[in-house]
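A.B. asks: Chain by chain, the residues:
2 protein chains.
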Amino acid sequence: MKRKVFYLSDSTGLTAENLGRSLLAQFPKIQFESVTRPFIDTPEKAQNIVIEINKEAQTSQSRPIVIDTIVDTKVSRIISATECFYIDIFSTFLSPLEKELGTKSAHNVGHTPIFKEDSRVADENYMQRIDAVHFALANDDGMQLNRYDDADIILIGVSRTGKTPSSVYLGMQYGVKAANYPLIPDDLERKALPNALKDYQKKLFGLTIRPARLADIRNERKPNSNYAALRTCVDEVKQAEMLYRQYRIPYIDTTQLSVEEISARMLQRAGIERRVNSL
Amino acid sequence: MKRKVFYLSDSTGLTAENLGRSLLAQFPKIQFESVTRPFIDTPEKAQNIVIEINKEAQTSQSRPIVIDTIVDTKVSRIISATECFYIDIFSTFLSPLEKELGTKSAHNVGHTPIFKEDSRVADENYMQRIDAVHFALANDDGMQLNRYDDADIILIGVSRTGKTPSSVYLGMQYGVKAANYPLIPDDLERKALPNALKDYQKKLFGLTIRPARLADIRNERKPNSNYAALRTCVDEVKQAEMLYRQYRIPYIDTTQLSVEEISARMLQRAGIERRVNSL
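Residue numbers (my numbering), protein chains in the order written: chain R, 1497 to 1775; chain D, 1497 to 1775.
Everything hinted at is true.
Any copy will do: because identical chains look the same in the list, a pair fits if it lies in one copy or spans two.
Straight-line Cα separation of at most 27 Å, DSS-like style, residue types lysine-lysine; simulated pairs: (1) Lys1551 x Lys1595; (2) Lys1718 x Lys1734; (3) Lys1600 x Lys1525; (4) Lys1525 x Lys1595; (5) Lys1551 x Lys1525; (6) Lys1600 x Lys1500; (7) Lys1570 x Lys1525; (8) Lys1595 x Lys1498; (9) Lys1500 x Lys1595; (10) Lys1500 x Lys1551; (11) Lys1600 x Lys1498; (12) Lys1600 x Lys1570.
Note that these hints are calculated values from the structure, not bench results.
Next up, chain R with everything else stripped away, as it sits in the complex (with noise of 0.2 Å):
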């Protein structure tokens, strides 16, 4: 029996549901179902999903939870009314900001205005994103050596430790100009830095993995193969950890994290202040 979630935003949904998730994970026991529409923006927007909430209130046994980012209150409040367990997280903290800042809000569409070109910040955050994540495009897995002196940070690792997520991560999420370089075997055997880049030695952050489920990553894209072998990632994970010591690279072990706890926790240990500046 899963419990039928509803993330409804007049924007992307993604606040709605990035708060949604880290509130449900707290009770794993439950089976939750989510769906996220997007763009709820008008009365009429509004009317549709309700017919959606209430149809899923009549035939579920339990009603379902909505977690509501919608900010113009003339749409937040046809929603308001259907059967549901109702999670409405700007009316809950916009009342309290307006006492402390002592002035009324905008109450408009919420979202980040991140690219409006009446904002100049907003517009140099735009570009700085955009830009760092072309950069990590174009020195994904060691190509274009000659822009590493552009580079905020080079991640280095073996195949399949998350180098090329992360860097795409860390020019999207952060603007922070990312390259990666894929320590093959040739490079581990030598158990010297790669010559492309000994003269960024303090620029290097270094990932690592789990063997095994190193291994595990390797088989889905290539079965059987004896790059996929338990054996193979053992030597690999090993070499590039003793190479990481020796060169006192700080590194990281990827196994449990998620890209954006990967990328979050680098800026921290790396000390790289965000390019993007948020509000």
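Given chain R, work out where chain D should sit, using these hints.
C.D. replies: Coordinates of chain D only, in the frame set by chain R:
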């Protein structure tokens, strides 16, 4: 006079930041200066933050705003004793949720277990996202045309309309496999869909942008070039939109949108289900 905001978390801080940004965006006349302090998961780390918050409270004219997603009450209680305006997201919502669900919450460290070895769904999500990011990179900018069979969506548009970051984001956030193909002047003058795309019409999604904005973006990259000239941008955008209409390709104007908004709107318009299941 900027108002200081602390985002505190026992995990990455992304949830606190997202929610805080949405809330504070409702007060456009007030300037905020924010810092994120992630991974505060012990009383000792909390004590260090307390010192930082209290120092800010003493040196500033108005008390700091603290937005907190720390789940462990032993830790968050330490924070709550500071001189601040305190938004405690978990305390606010967990008790009513416990009541609704008829069970106590785990109250562990509050990060989403996207990648735990004991959770098969989380694991599949991780692999799906990573694979989709790798797919976006391998199929960026018209490379590897032969893999369009595997794509969930193919983004098309003239240079610098946001194709690359959007396709990467679709993979990272939603596990959706997005290829992208640049419409170059040769394609546009032919007034016909490039051969490489003809078999995949149903997967195509167009990006467009206001020409003046496109000229700004291109000028950052290649100042004073023909590529960045307003006339070039006007022509290319016009021809691309004609192509979209001619082939009934859905398209979206990215001028005012963040990467998050572009991606969420495309999924909605194209009717593509996300591949990654949230809780």
